[in-house]
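In this text, residue positions in the sequence shown follow my numbering: the first is 1, and each later residue adds one.
Accuracy of the hints is not assured; some may be wrong.
Computed list of lysine-lysine pairs in DSSO-like fashion (alpha-carbon distance at most 27 angstroms, straight line) [stated by the list, open to error]: (1) K64 to K93; (2) K93 to K74; (3) K64 to K76; (4) K79 to K64; (5) K82 to K93; (6) K74 to K89; (7) K64 to K89; (8) K82 to K64; (9) K64 to K74; (10) K64 to K78.
Pair ranges (Cβ atoms, derived) [as the list claims (entries may be wrong)]: (11) N24 to R88: 33 to 43 angstroms; (12) T26 to K79: 25 to 35 angstroms; (13) G29 to E49: 15 to 25 angstroms; (14) G77 to D27: 16 to 26 angstroms; (15) I36 to I75: 12 to 22 angstroms; (16) G77 to T26: 33 to 43 angstroms.
Please keep in mind that the hints were generated in silico from the structure rather than gathered at the bench.
Using N, Cα and C, we set each Cβ at its ideal position, and we do this for glycine too.
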Amino acid sequence: MFKSDVTEKSEVSIHIGKHRRPENETDLGYYLAGLIEGGGSSNGEQGFEMVFHEFDAANAYYIKNIIGYGSVSKIKGKKAVKLSIFHRKGVEKV
């Protein structure tokens, strides 16, 4: 073991927000681009779908609320939810 010069225990929270949600439309664009690059899919102008682990369902609902269109559904037999956006205005916004 190494001897430490620190005598007092520091208070460090492991719950510090490392990931901020977008604050404006430009940030939202970068946020969505990163998510899409990481695993989203688009079938042209018809629609957009993205799958999230069930622990990240809040992010799916967050995006749905920001876009103003879409639906979030549980994927049967998987620990995942799917965000689907098929409304033309919603797809344009994505």
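Tell me the numbers of any earlier hints that the structure contravenes, in ascending order.
Hints 11, 14 contradicted; others consistent.
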